[in-house]
Amino acid sequence: MREMTLGQRLKRANWLLLGLALVLAGLGVVCVRVASVGKPVDYGAQQLRWVAVGVAACLLTLSVPYMRFVRLRYLLYAAGLLLLAAVLVIGVGGANSNVQRWIRIGGFKAQPSEFMKVIMVIVLAGYIRYETRYRRFRGLAFPFALTLVPVLLIMRQPDLGTALLLIPLLFVLLYVAGARPHHLGIVALGGLVAGLLLYFIPGLMGEYQKNRVRVFLMQNSQDTAILRNLGHQLHNSKTVVGSASALGEGTGDDAAEAVQFLPERHSDFIFPVLLTVLGSVGMTVFLLLYLLFVWLLLRTALRVREPAGRLLAVGIATLFACQATVNMAMTVGLLPIVGMPLPFLSYGGSSLLTSFVALGLVLNVGADHPVEFGRGDFD
Amino acid sequence: MAFRRRLRRLFLLIALALSAVWLRSLELQVVEGAEWRAEARKRRERLVVTGGPRGKIVDRDGKVLAVDRPMFQLAFVGWEYRRRGRLRCTACGAIHYHDVDRAPRRPRCRCHEESSRLEPLALPDPSPLEDLLELPTGELARRAADRLQKVEELVGARRERLDAEGRPGFLAHDEERLYRADLLHRPYVIVPRIPEEAIRLLELDADGRYRGFRVRTVLRRHYPEGGPASQLLGFVSVVRDREELAALRRRYARNVSLDTRVGRAGLERGLEDLLIGRFGRERQARDTDGDFTEVVWSEPPQSGKQVRLALTVEACRVAEEVLAYRGRSTGYFPQTQPSGGFVALYADTGEIVAWGEMPRLDVTKDLDRIFSSADRKARFDPAIGEWVLPDGVDPPPGQTVDQWRAWLTKPASRTLSRVSQIPVEPGSTFKVFIGMGLLDGLRQMPPGTSLPYGDLFGCRGLDGYPGCHFHAAVDFVGALEVSCNRYFAYSLRDFSPYWKVYRRTVPVLLAGLGFGRPTGVDVWGEAPGTLLRDYVDFDLLDVVHRACVAVREARGVSAEDLAMRTLGRVPPRVAGRDPRRLGSLLEAVLGEAVGVAGAAGQVALTVQPGERNPLDPHDERVLPIRFEVFARPHPQAAAPRPPDLVKLRARVRRLGGRLEAEVQPQGVVTFSFELRYREPVGRAPGEPNLILPDDGRNLGIGQGPISATPLQMARAVAALANGGRLVTPHVAISADGVPLVKPARTISLDPRDVDLVRAGMRAVVDGNHGTAREAGWDAVPAEVYGKTGTAQVGKWWLPGERPGKGPWHHWFVGFGEARGFRPLAFACVLHARTEGAAALTSAKAVREFLTWWYTAGPDTAGRRR
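Read top to bottom, the protein sequences are chains V and H. Per this note's numbering, residue 1 is the first one in the first sequence, and the count goes up by one each step. Per this note's numbering, residue 380 is the first one in the second sequence, and the count goes up by one each step.
Think of the hints as simulated: they come from the structure by calculation, not from any bench. Glycine included, C-beta positions come from ideal geometry on N, C-alpha and C.
Partial selection, computed: residues in chain V whose CB lies under 8 Å from chain H:
id : residue
1  : V241
2  : G242
3  : E257
4  : S280
5  : W295
6  : V314
7  : L334
If you want the ones that stay clear, here's a sample from chain V, every Cβ over 12 Å from chain H, calculated:
id : residue
8  : R68
9  : R71
10 : L72
11 : L76
12 : A78
13 : A86
14 : F137
15 : L140
16 : A145
17 : L148
18 : L164
19 : I167
20 : L189
21 : G190
Just chain V, same shape as in the assembly (with noise of 0.2 Å):
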């Protein structure tokens, strides 16, 4: 059969999706822009260009037929994992941490876990296309093990948020694809179990990130050590939601006096900034516009027969949602304080691109219907 030319792609894209991304997109500018002010650099406008770089990223993914992914899933999965592992080598760190995460290429810097999310979705929806062993106890070792990999990569930099995320996003695509309920709830409980040990074993978790925890769990302590050292980026953050009123101070220079105090506010603290342009009324249009967004990433999904379409769909789906839900959460003081941007929002070279990378493979697969010679649809 014919592949589609770029021209029938675009025509057959989900345009809807794709405008929905770049207001979001440039929500995103916007706010990094008054985020920004008081900053030696303007983010804003770096953030406007990778919004560009972005889009064409996105129509590129959406030029190419995204079963060629799927095909080369193992292929993109052991140049992701090179790329993790070399930033524990030669990676750096950003300007303010004594993280390594980044690795300099030319006169940027990428952030190979945030391409790795996007190649796990690949490589979960290559693996449970074409296999059905996962439905049985032990066939979902193979699944685990291919994700804990870079998992375990991740975490080594450290970015315990990315690494956490590729778990939900195991789960979801193994759940969606019909594997049984209950066998994942018992890897869940075992996971719950291992993750009290991590943090109980001394030595396993890093100091910082048990302080994490216990600044989540002591919020609302009115210690004042606590709020002014370990817990004062909960403390801001929540200050900054808190304070902000029904209809936003718009992006003047009340706004970003606002958020003066508020320590990240471009990148990982992009919410309460929003909340502070936007007020509690565009926070709300926001959220609803975001489960929009959500809504039609997985109606595409519904809208395919093709299982690794669907799964891809599905499976990108649940990554802008949980990275958007665990952001947005940590802000207001629901989770502990992890280092995960606000898809589209965030300012970030990396993560923009990917999501814009993401969001091309979600267009290609509504535009493509490729001839399905496999299993069904998981129903």
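Got chain V; can you put chain H on it based on the hints?
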């Protein structure tokens, strides 16, 4: 369908998660909104507190004695110097700031004029300012660079500390960033005083030439008259540490910060409640650059109250001049600095009208030492009763630590007032009050009892006893006139029944006159003096027993054990059959025990030699040796444990039996002196209130266990002048025009006794044998009542000197009355090296002051016209 169902569940889960975020956001905004908004306001705004100036102090004539004056400093603000570039709008002239490391954020001015263009202003070039400040070219830049380097060092040190604590990198970075910003925003003084031309130059700096350099205005206390008595005015300095700050904030409604100057001594401290200024407050908001430039709300600072004093500068100067003249001209001071104090107050109200000190504190030089960083970092150690410096802190330049301590706390210090802070033995001036006590006790005796020695008392037959003035037989008035030592000393040592009465009535009367406690004057740091109100007499056995108990409790050993340890140190002259054993026992109980007990502030012990009745040569009785124990709680001592009386008595009997059998009385006395028993006990060496508790009868002549300040003496004689009202001396008479009233109370003085004492005091000045007659009172147009007195002090007044060789205290106290004048009570003390002409010198000093007071003083203003 199953896939669709699973997706629906997944979507529902996502929707639920986002709903949770939405609800939590609303909770923070609606339910907890007020709290977070207040927190946000706190983060975006800051409260800048400006200290209010201290109130002025003026004398009775309105002459300013203390006032706050602004002083200008050049401060360096690293934040501005480092990163703030300036752009000026060519249309409206508004100045815009930007980070010099990057392009301006705003390309246009807010005025939006067509012709608006932002032109960069000059980079810092402070050379004109350096010329004005007479600094070498580039010096300001060098100091600025030093400061910036220091900031980086401090930040680096903080960073190392955070790393050592294992703080995560991003948190450490945040804290480091905030710390650096805080240091860079804080004005740092790089030139402590700048001229007005420099201020103008900085104010007119429209083109940013002196970017990063600011004028900082601080208030300094200024004493235009340099006094009068600087010890009276005292001084101020900034709050020493956070602990002190917390205490002061509780007291002064938070109007105190670490920059606030608070009174440290004298009136500045005594009137702190009135003088302290009220803070001004200004709430500032951040601009978009994160700097606090917008004033949201402000409340100006308020000055403290203006306090008016009763005294005049002129009166104080006269007082100090007569002290200085008499101190130097009489040749009393071949080796030591002259010192003394004079105070005069209205006897009817207690308003202090003159206050003189010698030596006088030099506020321009001496206070610089007090303001030194050493003083600010010093801590008072109650264990040793002295100020100590922490490690690494040096005393002020040119002083050793010991000198510096002495400067602050020793009696010789200039910072201490000789009028209110150094109590000394009042000597024979005390006979006035002892006499009142004798007369008071007389009424408690059977009807018909006369004065202790009948109508007349003669010393002629008592040659060989010390202290005889070789005068004719005297009555009570005559005894005061000639200042007969024996009359008053033996009154308290008599064998007759008078003795036991006087030993009660005299201390009661002295306490009634306010001795032994502060007068309540508004000058801070007044010494209470010493009055042994609660002394208890014990016989030798009691003393021994109590000493043993004290030793055992203090050391955890028995007296016998202690005695065994000292066996090798017994002089052979101790009487008794077994000198070694007795000696050790005595040494243990007298030396060690009293040392321990005395140092703990429990007892002061004095030895009274056995003696015969000096009035009756036929009386063969010999008074037993008496060891007097004076209960004297020490403020730094733990509360003494009450003794177990039953066990006490048992030990007394056991020890007493041995001592009575083995020790001859004279041996005990001799040995007690060998043990250097005459030295003061119960107080740390060098403290101003020195007492020699070696002779109980010294009390009768104002020596031994008694001390008073000139202020206390003036107040007590004021009670004789006004007929029995004990006034509260005070210097301040009004605050912001509102009179300050001080309480007075009536004490029970029999008018007949007062008349008799007044007659004696008048005779001191006017009588043929008056001890102050030679001072020459003809020039004083008033009736002066007075009493001279000379008292010896212990050797610790001057280190290394033997007792009796230190400077003695020469007193003259009394009051003057003249028609049309308010009664004036006064007290003058001169600390002389040897006895010389004794208190007559003080009387001359007073005479000179009174001559001025009644002929040219402030109360004569109307008459002169």
